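Peer 1: Below are the chains, spelled out letter by letter.
There are 2 protein chains.
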Amino acid sequence: MRTHQLVLQWIEGQLSSGQLALGGRLPAERSLAEQLQVSRTSVREAIRVLEAMGVLRAGVGSGPEAGTVVIADPTAALGSALRLHVATSHLPVKDIVETRVLLESWAASRARPESPALAEAARLLEQMDSCAETEAFLALDVRFHLALAEAAGNAVVSAMMGSLREAIQDYAGRLTGNLQNWDATAARLRAEHRGILAAISNHDGGRAAQLVADHIEGYYAEAGVRPDAKA
Amino acid sequence: MRTHQLVLQWIEGQLSSGQLALGGRLPAERSLAEQLQVSRTSVREAIRVLEAMGVLRAGVGSGPEAGTVVIADPTAALGSALRLHVATSHLPVKDIVETRVLLESWAASRARPESPALAEAARLLEQMDSCAETEAFLALDVRFHLALAEAAGNAVVSAMMGSLREAIQDYAGRLTGNLQNWDATAARLRAEHRGILAAISNHDGGRAAQLVADHIEGYYAEAGVRPDAKA
DNA sequence: CTACTTGATGTGGTTGGACCACACGCCTAG
DNA sequence: CTAGGCGTGTGGTCCAACCACATCAAGTAG
Chain A
1 MRTHQLVLQW IEGQLSSGQL ALGGRLPAER SLAEQLQVSR TSVREAIRVL
51 EAMGVLRAGV GSGPEAGTVV IADPTAALGS ALRLHVATSH LPVKDIVETR
101 VLLESWAASR ARPESPALAE AARLLEQMDS CAETEAFLAL DVRFHLALAE
151 AAGNAVVSAM MGSLREAIQD YAGRLTGNLQ NWDATAARLR AEHRGILAAI
201 SNHDGGRAAQ LVADHIEGYY AEAGVRPDAK A
Chain B
1001 MRTHQLVLQW IEGQLSSGQL ALGGRLPAER SLAEQLQVSR TSVREAIRVL
1051 EAMGVLRAGV GSGPEAGTVV IADPTAALGS ALRLHVATSH LPVKDIVETR
1101 VLLESWAASR ARPESPALAE AARLLEQMDS CAETEAFLAL DVRFHLALAE
1151 AAGNAVVSAM MGSLREAIQD YAGRLTGNLQ NWDATAARLR AEHRGILAAI
1201 SNHDGGRAAQ LVADHIEGYY AEAGVRPDAK A
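Sequence order for the protein chains is A and B. First residue of the first sequence: 1, per my numbering; consecutive thereafter. First residue of the second sequence: 1001, per my numbering; consecutive thereafter.
Incorrect hints may appear among the rest.
As the list claims (entries may be wrong) - Simulated restraints, written as ranges between beta carbons of each label pair:
1. A1198/B x A191/A: 26 to 34 Å
2. R1025/B x Q37/A: 31 to 39 Å
3. R1112/B x G18/A: 52 to 60 Å
As the list claims (entries may be wrong) - Computed footprint of chain B on chain A; a stretch qualifies when at least three of its residues, placed anywhere within it, have a C-beta under 8 Å from a C-beta of chain B:
4. 96–105
5. 132–142
Stated by the list, open to error - A few chain B residues facing chain A, derived, Cβ under 7 Å:
6. V1049
7. A1052
8. V1069
9. A1072
10. P1074
11. L1084
12. H1085
13. A1087
14. L1091
15. I1096
16. T1099
17. V1101
18. A1155
19. V1156
To be clear, the hints were calculated from the coordinates, so they are not data collected in a lab. On a predicted model such as this, the values are computed, not experimentally measured, just so you know. Here a beta-carbon is modelled for each residue, glycine too, at the ideal position from N, C-alpha and C.
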């Protein structure tokens, strides 16, 4: 057992047992090293791993914003991991898109019309109407889809969807350049978004799921994704 | 930008550009540190992060097994990340199970009867017939479900399913103790497995998906999972 | 008395160096 | 020709020191 893994186990134990909860602060690196009888280096390596997984956040200085505190950002961990494995060509972009369609369709079919996340999605839609810049439009689009996912009330699905999106973000951004007529595409996307929200409001989950699947697949098809495309 | 993140970017760039591929070896830590003009500590922190994400594997000594090489184990990264976030009670077990049902049903509906993975699944099923010990049975069960997922031909779904399984492995293990009559349960599981394989062989994806969903939900229900259960 | 300056303190961030355990492969003694 | 030892390079670990930063408290000028 390598030393930093011992530290990892200790921290995970503290989390599991509830002695270390969300927002809680880890002991200072130097003091934790002494407490566990390991070097500060090993403590730091463990902290780095947990930081990369979205479990901790390290802050320098003094005061409430400083120190190493427990956070909860599952999307960060899954996203960077997926992105790296896409980089090694071990995870085809095609599979990423396919999985995103699966998760997002399910989320749409499960979304509850009364969910606050759905109201947020509707608000985002209005902002997109008065948005001319492509970049800002796409940023709102990302938030719209994430809000849609959250409306299903499944944190794992939300995290996975966000991470899938992050993993192919650069790739999707480059695709936008392939579009022939952005204004026309944006208009179509707006209309499709409205259709999705309407289906959810009408408690027609099946239709919402189908619309979402068409929406995503249609966009990638228009941007020129081929089934064997690589990142 | 922190120093170890610079190293991370450099390595990710090497992966993206293809100069560092699966099975390739990273320069030695000391030499990489000199090349990037950073300390060995920073290089090591970056390597630790990538190791935790299943992208690298560090080996001591000399020869072909030594050095830091590129691997591809997406399941490891997603699994440990999910497990940690379950530990912080940020990801409810209920959502994990729900997501697993979603992914695995989809995989069953997409599984190709001629897939080698499906043949492997059938082989595992035979082994489970002549398997009395609970522990060994469950180990084969895990491999059976993973083979089923691989038969769908989507690497992302396979990785996510494996990681979901890993994240609640300990939890599921404890559940087994809740079962009243293990022999009867095992017999039922065997029969259900056969039904799933039969449906796939008959090209009845819809039925296969339904059987898988019932199979998983039935097991957790029998073991006493309540919707608000925590890890 | 108030308001600003200044230093002490504690945090993570980074570095260089040292030593260890390990595995391979050469090289010598038999 | 064989068997053992030893050199070399790898990651693993630890230590001591220094830096940048943020806060807070004491001290000082107004």
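Peer 1: Evaluate each hint against the coordinates.
Peer 2: A quick look at each hint next to the structure:
no., hint, verdict
1, A1198/B x A191/A: 26 to 34 Å, "violated, 44 Å"
2, R1025/B x Q37/A: 31 to 39 Å, "holds, 34 Å"
3, R1112/B x G18/A: 52 to 60 Å, "violated, 45 Å"
4, 96–105, "holds (count 5)"
5, 132–142, "violated (count 0)"
6, V1049, "holds, 4 Å"
7, A1052, "holds, 4 Å"
8, V1069, "violated, 12 Å"
9, A1072, "holds, 4 Å"
10, P1074, "holds, 5 Å"
11, L1084, "holds, 5 Å"
12, H1085, "holds, 5 Å"
13, A1087, "holds, 4 Å"
14, L1091, "holds, 5 Å"
15, I1096, "holds, 6 Å"
16, T1099, "holds, 4 Å"
17, V1101, "violated, 10 Å"
18, A1155, "holds, 5 Å"
19, V1156, "holds, 4 Å"
Consistency note: the structure conflicts with the earlier hints numbered 1, 3, 5, 8, 17.
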